[in-house]
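Participant: As a plain string of letters, each chain reads:
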Amino acid sequence: NAGVTQTPKFQVLKTGQSMTLQCAQDMNHNSMYWYRQDPGMGLRLIYYSASEGTTDKGEVPNGYNVSRLNKREFSLRLESAAPSQTSVYFCASSPQIGGQETQYFGPGTRLLVL
Amino acid sequence: GEDVEQSLFLSVREGDSSVINCTYTDSSSTYLYWYKQEPGAGLQLLTYIFSNMDMKQDQRLTVLLNKKDKHLSLRIADTQTGDSAIYFCAERRSGAGSYQLTFGKGTKLSVIP
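Sequence order for the protein chains is A and B.
The numbering used here puts the first residue of the first sequence at 1, with every later residue one more than the last.
The numbering used here puts the first residue of the second sequence at 1001, with every later residue one more than the last.
It is possible that some hints are incorrect.
[Stated by the list, open to error] In silico lysine-lysine, DSS-like type, Cα no more than 30 angstroms apart, as pairs:
id, chain 1, residue 1, chain 2, residue 2
1, A, LYS57, B, LYS1036
2, B, LYS1068, B, LYS1056
3, A, LYS9, B, LYS1036
4, B, LYS1036, A, LYS71
5, B, LYS1056, B, LYS1067
6, B, LYS1070, B, LYS1036
7, B, LYS1108, B, LYS1036
8, A, LYS9, B, LYS1068
9, B, LYS1068, B, LYS1108
10, A, LYS57, B, LYS1070
11, B, LYS1068, B, LYS1036
Keep in mind that the hints were calculated from the coordinates and are not lab data.
Everything numeric in this text was worked out from a predicted model, so none of it was measured.
Model the full structure from these sequences, guided by the hints.
Facilitator: Have a look at this one:
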């Protein structure tokens, strides 16, 4: 099992460009999440999807959109990138929302916006 | 406040014990987690403890939970250089926020050979 995979690993964008970060999980999990991690900060939740067909805002959703394409895939889109979106982005999944199950994390996408 | 608090840095000698501390915010938190992040990698779950437990031991790892003080600690016995990483404490709150894990800022553990 690959677990949670993310593409790309690294990306450099110019201000105003758009891009989509891809995430897929092969654990048949219902719930998926997008976080951002900034230096000296913990992880902050951007959006989550409790189950296929649903998405909800997390703590810091502004400037992002998401799509739960199917049970396996959950993408994060930056429509017009800003330098403040320079960060490391982590996708995670869990069997279901809430409960004792932990979240399983992907390796991250490092994004630099110039 | 709403933050999960951790000290930012800890340095120990190889073979000593490491103790990483965390204070959390919600007395009704159901689960508390410790994650490890190695350089350039994602977060890996180390262990978790249910809120009705005081202690959990798993090989070199011991988790202590003091609900009264909302204090969580992770003890790593016989610390090795491979334990050098950032350690995150996280809480799962109850009720409407239970979908979300709230993370501390992470404690960077440096192990001196």
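Participant: All hints, please: hold or fail.
Facilitator: Structure-based check of all given hints:
For the proposed pair A:LYS57 and B:LYS1036, the alpha carbon gap of about 26 angstroms is at most 30 angstroms, so the pair holds. Restraint check for B:LYS1068 and B:LYS1056: satisfied, since their Cα atoms lie roughly 17 angstroms apart, inside the 30 angstroms limit. Distance restraint check for A:LYS9 and B:LYS1036: the Cα-Cα separation of roughly 20 angstroms lies within the 30 angstroms cut-off, and the hinted pair is therefore satisfied. Between the alpha carbons of B:LYS1036 and A:LYS71 the distance comes to roughly 27 angstroms, so the proposed pair stays at or under 30 angstroms and holds.
Among the hinted pairs, B:LYS1056 with B:LYS1067 is consistent with the structure: their alpha-carbon atoms are about 14 angstroms apart, no more than 30 angstroms. At most 30 angstroms may separate the alpha-carbon atoms for a hinted pair to count; B:LYS1070 and B:LYS1036 meet this at roughly 21 angstroms. At most 30 angstroms may separate the alpha-carbon atoms for a hinted pair to count; B:LYS1108 and B:LYS1036 meet this at roughly 10 angstroms. Between the alpha carbons of A:LYS9 and B:LYS1068 the distance comes to roughly 42 angstroms, so the proposed pair goes past 30 angstroms and is violated.
Restraint check for B:LYS1068 and B:LYS1108: satisfied, since their Cα atoms lie roughly 26 angstroms apart, inside the 30 angstroms limit. Proposed proximity of A:LYS57 and B:LYS1070 is supported: the alpha carbons are some 28 angstroms apart, at most 30 angstroms. With a C-alpha separation of about 26 angstroms, the suggested pair B:LYS1068 and B:LYS1036 falls inside the 30 angstroms cut-off, and the hint holds.
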